[in-house]
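Engineer: Residue numbers (this note's numbering): 1 to 289.
Rather than coming from a laboratory, the hints here were simulated on the basis of the structure.
Every value quoted in this text rests on a predicted model; they were computed, and no experiment measured them.
Treat the hints with care, since some could be wrong.
Said to hold, decoys possible - In silico DSSO-like pairs for lysine-lysine, Cα to Cα no more than 27 Å straight-line:
1) Lys102 / Lys26
2) Lys126 / Lys26
3) Lys268 / Lys30
4) Lys102 / Lys212
5) Lys100 / Lys126
6) Lys270 / Lys51
7) Lys100 / Lys30
8) Lys43 / Lys30
9) Lys51 / Lys25
10) Lys126 / Lys183
11) Lys270 / Lys26
12) Lys50 / Lys26
13) Lys51 / Lys30
14) Lys50 / Lys102
15) Lys281 / Lys268
16) Lys268 / Lys247
17) Lys100 / Lys51
18) Lys183 / Lys100
19) Lys43 / Lys26
20) Lys126 / Lys187
21) Lys30 / Lys102
22) Lys212 / Lys194
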Amino acid sequence: MNDLILTIVHGYDYPFLQPFFESLKKVAFKGDIVVFISETVSKATRAALKKNGVILIDYQTTHPYLTEYAHAFEAITPEASISNYRFILFLEYLLANQMKYKKVMMTDVRDVIFQRNPFLGVAEDKINVFLEDPVQTFRYSALNYQWSSAANGREVTDSYIDEVVSCAGFTIGGTDPVIAYLKHMKKKLEHHAKLPWAFDQGVHNGYVYAKKPAEMRVFANDDPFVATLGAYQPYHMNASAEVVNSKGEVYAVVHQYDRSGKLFSLIKQKYIGSRVLQKLKRIFYLVMP
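Work out the full structure: start from the sequences and follow the hints.
Structural biologist: What follows is the structure in structure tokens.
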């Protein structure tokens with residue numbers, strides 16, 4: 001049984017994705033990478049992804065997105081953003097391929113890099129979720145309070161108003177706990193007139209703080225697993241130009257690295273090339289069909 005990475009790509013050319021895949025190679029990941037890819041993505045980018053050993057699954061950006069998954073979207077509004085409907089695509093793939101995989105990672109792709117193999121030490125009977133910076137509580141973050149209230153109600157959100165927000169853009173765990181998580185996400189996404197961007201973030205945090213399943217492990221932003229940098233700009237780096245926590249421990253995953261201009265530039269140079277090469281690649285993928 002393999003480990004599995006699930007993600008989705010819509011509207012991006014390969015240079016936006018290259019840091020993800022180049023860094024993944026460096027940490028010697030050996031499992032499957034499944035990318036749901038929309039009709040907006042060019043043939044050149046698709047070819048580059050296939051060179052990375054990616055399994056591509058085509059979907060349409062209109063409801064029900066994938067004909068063979070249409071049954072799963074019967075209670076999902078056509079007014080759903082990609083941040084929401086991706087979880088149902090992931091669920092249907094896992095239900096059809098459950099016996100192939102022991103551990104699963106669901107992740108954003110444009111703003112994620114790897115510094116060590118994220119699957120090392122992940123227990124098959126657990127699901128791992130990740131907190132943002134301690135300053136990012138629901139009381140402090142008006143947007144997260146709004147998203148959580150829309151998904152779970154104000155009374156529920158107020159019950160954890162001083163807790164730290166968890167990011168829905170990266171979750172990893174054993175296949176069975178991940179499927180249970182995705183079933184929860186699907187149930188909470190059903191029967192809404194609209195599913196705007198980041199509604200999923202509210203559902204995810206309701207899972208973390210209201211449902212609180214026994215199989216869940218919660219990691220703080222300073223734990224050396226996932227660094228979520230959106231609300232944490234003063235990051236630290238070691239002599240090897242790796243992002244580290246307050247103890248100097250190397251994070252396995254760096255998420256939202258593009259929020260810091262300096263770090264963004266460093267990562268692009270490391271995984272894409274010089275500024276000249278970055279521009280040439282951007283032009284190439286813009287003009288190629």
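Engineer: What's the verdict on lysine 270 and lysine 26, does the C-alpha distance respect the 27 Å limit or exceed it?
Structural biologist: Cα-Cα ~12 Å, so holds.
Engineer: Sort out whether lysine 26 lies within 27 Å of lysine 50, counting only the CA atoms.
Structural biologist: holds, 17 Å
Engineer: Run the distance test for lysine 268 versus lysine 247: straight-line Cα separation, threshold 27 Å.
Structural biologist: Status holds; Cα separation ~26 Å.
Engineer: Going straight from one Cα to the other, do lysine 270 and lysine 51 come out at no more than 27 Å?
Structural biologist: holds, 19 Å
Engineer: Does the structure keep lysine 51 and lysine 30 at a Cα separation of 27 Å or less?
Structural biologist: Within the cut-off at roughly 15 Å; holds.
Engineer: Checking one constraint from the list: CA of lysine 100 to CA of lysine 126, max 27 Å. Satisfied?
Structural biologist: holds, 18 Å
Engineer: Check the hint pairing lysine 43 with lysine 30 against an upper bound of 27 Å on the C-alpha distance.
Structural biologist: holds, 25 Å
Engineer: Could you grab the alpha-carbon distance between lysine 126 and lysine 26 and see if it respects the 27 Å cut-off?
Structural biologist: With a Cα-Cα distance of about 26 Å, the restraint between lysine 126 and lysine 26 holds, given a limit of 27 Å.
Engineer: With a cut-off of 27 Å on the C-alpha distance, tell me whether lysine 102 and lysine 26 pass.
Structural biologist: OK: lysine 102 and lysine 26 at ~22 Å, within 27 Å.
Engineer: Taking only the CA atoms, is the gap from lysine 30 to lysine 102 under or equal to 27 Å?
Structural biologist: holds, 13 Å
Engineer: Against the 27 Å threshold, does the CA-CA distance of lysine 100 and lysine 51 hold or violate the hint?
Structural biologist: Satisfied, since the Cα-Cα distance of roughly 22 Å is no more than 27 Å.
Engineer: Within a Cα-Cα threshold of 27 Å, do lysine 126 and lysine 187 meet the stated pairing?
Structural biologist: Given pair lysine 126, lysine 187 holds - Cα atoms ~21 Å apart, limit 27 Å.
The structure fails none of the hints (numbered hints given earlier).
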